[in-house]
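Trainee: Residue numbers (my numbering), protein chains in the order written: chain A, 1 to 311; chain B, 1 to 540.
Just so you know, these hints were derived from the structure itself, not from any lab.
Cut-off 25 Å, straight-line C-alpha distance, at most; resulting in silico cross-link-like pairs (SDA-like, lysine to any residue):
1. K260(A) - P63(B)
2. K67(B) - T254(A)
3. K225(A) - K292(A)
4. K67(B) - V283(A)
5. K184(A) - A91(A)
6. K246(A) - R219(A)
7. K67(B) - A272(A)
8. K129(A) - V314(B)
9. K343(B) - G54(A)
10. K67(B) - N177(A)
11. K225(A) - M290(A)
12. K48(A) - P500(B)
13. K45(A) - F335(B)
14. K152(A) - G310(B)
15. K48(A) - K343(B)
16. K184(A) - L248(A)
17. K184(A) - Q162(A)
18. K343(B) - M34(A)
Here is what each chain is made of, one letter per residue.
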Amino acid sequence: MFGGASSFSGKVDAVFLYIAALTIAFLVFITFVMIYLVIRYRRGKGGKAQDIHGHLLLELVWTGIPLVLFLTMFYYGWTNYRYLREVPRDAMVVQVTARQWAWSFTYPNGRQTSELYVALGRPVRLDLKSLDVLHGFYVPAFRVKADVVPGKNNYTWFQAEQLGDFDIECTVMCGVNHSYMLSKVHVIAEQDFSAWYFGDSDVPVLSQAGPAGAPDPARGERIFKLKGCVACHSTDGSKLVGPTWKGLFGSQVTVLTDGKEVTLTADDDYIARSIHHPPKEVVKGFAPQMPKADLSDRDVADLVAYIKFLP
Amino acid sequence: MSTAAESPTSEPSFYERKGIASWLLTTDHKRIGILYLGSMMTFFLVGMTFGVFMRLEQLTMGPTIMKPTTYNALFTLHGVMMIFLFVIPGLSAVFGNFFLPIMIGAKDVAFPRLNLLSWYLFMSGAAVSLSSLFTGSGPPDTGWSFYVPYSLRTRTNVTMAVFGVFLIGFSSIITGLNFITTMHRLRTKGMNWMRMPLFPWALYATAWVQVLATPILGITLLLVMLERLFHLGIFDPSIGGDPILYQHLFWTYSHPAVYIMILPAMGAISEIIPTFAHRTIFGYKAIVLSSMGIAAIGSLVWAHHMFTSGMSEVAIVVFSLLTFLVAIPSAIKVFNWVATLYKGSVELRSPMLFALAFIFLFSIGGLTGLFQGALAINVHIHDTYFIVGHFHYVMFGGTGFAFFAALHYWYPKMFGRMYSERTAIVAFVLIFIGFNLLYFTFLVLGLQGMPRRYYDHLPRFHTGHIWATIGSWIMVAGLLLMVINLVRGLFRKTTIPANPWGGVTLEWTVSSPPPTENFDVLPVISEPAYTFNPVTKEPA
Ligand code: HEM
Ligand SMILES: [Cu+2]
Ligand SMILES: [Cu+2]
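The shape of chain B in the complex, shown without the other chains (with noise of 0.2 Å):
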């Protein structure tokens, strides 16, 4: 697509500089995109091993290896790690910063140093939240939503663990910034709008519900903490103050949080599924336009969560209607990614199985939300395992999976080695089958009635928890040999081309790993996107 840089530059690598210094004081967008994903892997390690010793707890009735005071905090730091330092972040911070200026045509994003700022405010996000488990009375036992009036009786440090997701909230604020006015300002020539490659947009979106969205969580949650500190009857019955407003709040920024995270997952399967069909994308302005219809009426359904909570009954259906209306711009993308096979050249390589399981596990995530949607049915699964199931398949089997994907597609880009195809596809069957075996009971267990948040459970749950626990293991057997594989691949002496895959965005066109400033020369676009099998125009 494009028409200058078609050739690798014989520029030194933006590894070339060594020494610690030279990351930590680094304004390269692609060594910060490298410094988030070395962290926010740790963190996913640590969320998982969480995740491991819930389900080990309910393995069998009763006390199995920790007390009830251990399984809650287990719950909150569990969802606090997953959503706040991993799926929120994600794909944005790590390929959105890595990638964006590349596939663009730019030579950084729009301010270098903000962008420095903003991996140190998620880091110390990242260090007060958890050090929330060392200091003060234990860590928090609220779970991921810190729900008032618990919040502020409890005994456990719930203003550390709070304060840090405030923090981190002003580096997602600070990235969404950064990125919108990178791509307002630094396209190269050529590259308008309608020739943008899917994955910036997706963060185009994205970047706007992090701007818009975020302080609402930052503001209510620094209520929380004065709230606690000065009992200033803001949220606490008790004291004049009201527990359903808080409710409101917190889901006004962390309904639009899930489109934050599954945003740049879609955008993400948007640029493999057309690389390994080896074909244009099918409607990407249908695709593009979804995008930001999702933006827009995702952010105006957040009290879904919330019809048992007493509300106004206008206020129920309203919003149960506005949920519906939000699952079809999602549809349409799903429409879209499947009619890209068709007249394609498939090829089944990791990242594309990857990005397969993505639209299953997505399309069950997807699919279950209609029945939360349906006001009779949210009376019945609302809190129960069942919205524990739904949203794993969302951010897991959706996020999770994306992320996965993203970094078994781009890893030869970031670190022009390469890891074992064979173990990696072992490591997806693994995960495939032990996520669903995991999750799927999971969505049984709730329309049987089982609880969310519950240390125990009562003896008909058994079964289904089993079953459960022997997903969770298969599961993680294969995380952990995914991991393994792409650390290995590190070390493998092998020399990476500059388009292993065949793509034909910007990134295949500089060399792997990139040079420090990405191009010689700017790019210059003269043809959309996705122009893979370009028609040859009869002489006029």
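Extracted from the complex, chain A is given alone in its bound form (with noise of 0.2 Å):
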């Protein structure tokens, strides 16, 4: 769990650590003290029982030394969370938007996407925003949290410290797909980003890579070009000869398997099958005219993730 994934998360462990050295200390004389007296004192062996009825200096000890390092343990805790509520002036906001069951984020320059893209080491805070019920947002790796309350204008701010995709999930329980409400932070360099933020292609080309194997949407957007899907599928929302794939991930899509009407969640390996064996589940309402393109597994790994991207 100890990453330094965001410039929080050092602050956050740090206390884990203190804490988590003195309870299992604490825990670990206790049970070996318990367990010793229950063997030097056991029936028969130990002598005779005596009455002993209390010790009051021994009951001050008992009370006096975990309150101080109880009170200790309180003061690391909150100077280190108040690093949490002073968000630095120089942070790019970007508006947080939850609904049931998806994220949206919205940039200073009106840019919207359904996945957090930042920039290394820039400080970043989030407005967080509920069209509907409460949410949480959450991304473990950077120890930040906080929940998304609707008619409340609720932040938190983070500065990546690590580039990489990392999770974002919604915690407060919020309906029937509440443990879908997923999405990820994508951490980049910061030229990558400036040059997608004023630049107009709809997905950060890297030029760093982030963890091995990570797919890439921006290699996507690229085949999705090159390979000519762009002539049967939108990414606005319009209808071609195939359906748009604006808001395709996560949506409820009927198709047509072996001549049966079958409703399902379009996700990672529902996209994937659709593009590898076009004829096996064919959309409602559209011709099977999609063809079978020859593409890898790492390619369509990343038009996945480039359909994903798409708001």
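Take the two lone chains, each set in its own frame, and fit them into one complex as the hints suggest.
Mentor: What follows is the structure in structure tokens.
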């Protein structure tokens, strides 16, 4: 769990280690004493039992020592927490909108995405807004969490310190698909971020790769144009020969398989299947015209990443 | 400790009268205790089954045996049943009813008929909330905390569930009132407050919390029902309400409620440990004071459930500080229990094993609470499996284990029969191992970032979930073995002496099972509680 993926992670983990050290020591101590006493004074071996009613000094000692230790835990926890409430002035402000069961991110220049893109080392302030019920915005790797409360403007912030993709999870029960209210934060190099932010490509082009093998939506976008998918699929919601890819990921799709109608959720798996074996599941209302393209598994993974990235 | 009633009576036991009506219309506190025991063990087993099904669902990624709606209903009903029908009433309704009057030398509680009424309220509350399974559009899926606005919008049958909990709340208030009055008015001659055993003391502290805090829950839940029916705009932000207000009201009750659960458990442990150490309790006064301290400070820490909700910074700091303070009285109790083993003569019978396991597991529960009280860590682990692990350590490892300890301890007294000690120990070992495998894994999953109330999990949590599910099988095997052993014990024809363990509180002076009137002659108390090894005084 100790990654240090954000500037706050280290502060949380430090308090964690402090309290863990003390509590484990305490638990081992009390368990050891308990077992020792049970053996030392077992029935028949330990001599005659005595009624010892108490000991005032001992009571004071074992009230005083925990009191002091607990206060240090409180203080350390509090001072490190304060960091999270003091957003740096130069933070980029991203509007996070939560609804059942999706996240959407709006950047200062109006760009909108369904996964969050941020520059390495740049502080980002998140203004949290809910369109329906309570949600919880949580990035475990960054140790950052805040409830998203309808009618109330909560905020949080972070500064990413590691390249890569990190999970975003919803932490407040928000209905049937609560456990699928997931997204990702992509931490990319500053120059890639600016190029994407001010350019007109949908997806950032990565000059520095994240962790090996992570699907690359930018490559997916290039394949989309190169392999001619663009001829039949739009990314803006309009209907061409094939269905649009806008909002496709996570939506409910009705398909025909072997003459039967089935409704399913468009997840990674389904999209990959539709690309590998087009005639197997045909979207209702469309002709089975989708050609089988010559694509590697990596290509398909990148395409899926691109489709996921679309709002 | 008593001077009268040294030898059990020849009066017939309280089981003497037969027939359904003699049970359903009884005002005997012992029979009411048995009624509670029967109903509560049933609810526990149903709740446990829900838990097992949840664990099965998590065995693989994606759908395993159910749909998300079913899973969401399961954790909600599991939570509601375990909390409102098992751990909150738990020890006070079962063992409090049965033993409180006997332990303070009374013939019954102050208001025997009110006592029966509270059992009926409890059962109707249970029936109403469980009927939400079969009525309206399906069982509630909000989690046991019924957070708004989701609980206002969901089409599932929240109204019924909430109304059931409302009724159960009344049963709790009435029991509390009854116990407070009983302890003030019916202590026998010579039993002054500082001679009262610790289980009654714990019930006394608990009863005040029940009486003072439960009405808040009642009103809050009533408001949720009204809001669902008439859209008043109290909690729903889209019509001007405040969802955070709901959380404050809910936790103003529900945090003190965790002390309603744990205080009687601590009381039972304070009975069991001296009996099996065959010596007096260490630090009687410290334990009494810490019970009252927990009841008082415990009422002031509710908002530690809301550190990420966006409350004011001042509130956050103050509630964090208070949370650390409330941990101290619990620590004091742990030290005193352990010190009670010193210079004792310790017998490891099954009730004692459960009691020692309680100390260990409850310590883990309390210590993991310190992590959550520390603000920096709270941000990370709030609403994750860490919390789920923590509260199972406290509520199950704590209250649950204390309940089983008390059940094995008082079983011969309540039934005049005995279970098999060997089987009880095997069951205990299974429960203990399974428990830790299941819930320690939860703590780890939480630290890795697994959110609670999730139907499905990401691949990186998969290994942890497999271990937890295996743990749940071991634990349930143990629990079932324990229940079977206890039920079989009822049919074993043995006669049990009045005092099989060598205890010194009053319940061990009456026969097993006790006669209807408890005592022929009310005992007169002349010594402090827990005098096992009286110092023989030099003649003056
Ligand atoms: C004294 C016994 C127990 C108590 C007091 C208890 C209490 C609770 C509570 C209050 C919840 C939270 C429900 C919610 O989030 O709304 C919960 C969740 C859960 N419990 Fe228990 N429980 C007990 C025993 C068990 C047993 C026997 C099992 C399994 C065999 C179990 C497995 C679970 C699981 C899997 C969850 C769901 C976690 C999640 O999805 O967030 N519990 N329990
Ligand atoms: Cu959500
Ligand atoms: Cu609390």
